[in-house]
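Participant: The listed protein sequences derive, respectively, from chains L and W.
With our numbering as the guide, the letters of the first sequence map in order to residues 1 to 302.
With our numbering as the guide, the letters of the second sequence map in order to residues 1 to 55.
Everything labelled a hint here was simulated from the structure, so no lab data went into it.
Source: prediction; values computed, not measured.
Fair warning: there could be bad hints in the mix.
Said to hold, decoys possible - Taking lysine-lysine and the DSBU-like style, the derived pairs with C-alpha atoms no more than 35 Å apart in a straight line are: (1) K239(L) <-> K31(L); (2) K170(L) <-> K100(L); (3) K233(L) <-> K170(L); (4) K100(L) <-> K31(L); (5) K100(L) <-> K284(L); (6) K2(W) <-> K170(L); (7) K2(W) <-> K239(L); (8) K233(L) <-> K2(W); (9) K31(L) <-> K170(L); (10) K2(W) <-> K100(L); (11) K284(L) <-> K233(L); (12) K100(L) <-> K239(L); (13) K26(W) <-> K31(L); (14) K284(L) <-> K239(L); (15) K100(L) <-> K110(L); (16) K110(L) <-> K2(W); (17) K284(L) <-> K31(L); (18) K110(L) <-> K31(L).
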Amino acid sequence: MLNLSLLRILVALVASELAFLLPLAWVLRRKSLVREFSGFYAYIWVYVLADVLYVVSRGLFLSSLISYRTANELYNYPSDFLFLIESVVTIWLMYQLFQKATSGIPGIQKLGTVVFQWATVIALIMAGSTIFTPHDHHSYLTVLFFLQIGRSTSILALCLVTFFAFTAQKLGMGYGSRVFGISFGLAMLATNVLVRDALMWSTASSAQGMFINILGEFPQLAAMTLWMVYFLKAEPARKLITLPSTSPLILWNETARLLGNSAGQVVVSYPSTFMPSVREVAEKASNRNPAAAQSRGLRIVS
Amino acid sequence: MKIIVRTLALGMLLTGFAADHYLAAKTTLSANSVDVTATSSWPNGSCNPNTFCAK
Chain L
1 MLNLSLLRIL VALVASELAF LLPLAWVLRR KSLVREFSGF YAYIWVYVLA
51 DVLYVVSRGL FLSSLISYRT ANELYNYPSD FLFLIESVVT IWLMYQLFQK
101 ATSGIPGIQK LGTVVFQWAT VIALIMAGST IFTPHDHHSY LTVLFFLQIG
151 RSTSILALCL VTFFAFTAQK LGMGYGSRVF GISFGLAMLA TNVLVRDALM
201 WSTASSAQGM FINILGEFPQ LAAMTLWMVY FLKAEPARKL ITLPSTSPLI
251 LWNETARLLG NSAGQVVVSY PSTFMPSVRE VAEKASNRNP AAAQSRGLRI
301 VS
Chain W
1 MKIIVRTLAL GMLLTGFAAD HYLAAKTTLS ANSVDVTATS SWPNGSCNPN
51 TFCAK
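Could you put the whole structure together from the sequences, leaning on the hints where they help?
Facilitator: This is the structure we're talking about:
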């Protein structure tokens with residue numbers, strides 16, 4: 001039996017998310033941060049779309065304009081698609097955050113980017129392989145696939161924030177930087193989604209499920225408040241990255257910078273059309289004093 | 001501050017892993033799990049806009 005009071009509360013809470021997200025998008029535009037945080041800006045708008053879809057579909061039902069079944073159909077199919085887009089945008093956002101956080105150490109950034117890309121690809125392959133795993137006959141394969149992608153993205157977000165929590169100072173950005181703020185908010189949402197999904201999967205009744213969703217709204221609103229605070233305050237200047245002269249990280253950084261770089265090319269012979277006047281001068285010099293030219297290794301190769 | 005942030009990050013990571021493990025056990029059937037009859041689909045209408053809904 002559908003509890004209309006709980007549904008009204010849930011719709012109100014989801015609508016209140018818009019009161020955080022839209023001003024946040026406005027602040028990003030106002031402070032000309034859209035290009036710098038393009039992944040985050042896109043993430044906000046995907047979130048806004050999902051919220052609007054939910055509020056409109058449930059609002060129409062609560063206004064008795066459509067049946068609950070129609071409201072579900074209106075919401076469920078586009079929301080699956082939006083959920084997939086949200087996962088992709090979240091990966092893009094995390095990639096950007098990682099790039100920005102490690103920009104002070106280019107070698108480690110290069111190596112870390114390769115690791116990050118591999119982790120993402122493996123996560124996607126694992127999500128795709130869900131289709132071939134044995135599963136509950138009540139579950140839809142596409143739903144399982146989307147769930148798996150969401151889980152992989154959430155775990156990546158949690159790993160990223162743990163990495164930042166332990167290395168933020170060393171990376172020169174500190175806990176006050178927007179990169180850390182965004183990643184912390186993402187981790188809050190990721191934990192919320194994982195816990196809520198786990199609870200929801202064992203829920204027997206609609207009212208229980210809705211109650212869990214209502215509780216799950218509070219960490220989401222907290223994450224949005226956190227983002228707002230981080231974007232309203234000034235970004236602290238990045239600190240210098242210093243390391244002890246004996247730190248192996250210096251060597252790793254230099255080594256990683258060189259990884260994948262092809263060696264420079266050396267010219268060993270020139271075509272006859274290559275700088276004829278220079279060749280003429282060089283030849284004259286070598287003819288005038290062949291011994292000195294030979295001792296300096298000067299030789300014209302045609 | 002450093003300790004609080006790190007504790008929170010680790011707490012979220014471990015909670016997320018635990019929930020993910022539980023979810024994995026519920027959504028897939030391993031060789032040790034034979035709970036084929038469990039009706040684990042979500043109730044219609046109890047979905048959140050930021051996640052999917054079982055249809």
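Participant: Of the hints given before, which are not true for this structure?
Facilitator: 5, 11, 13, 14 and 17
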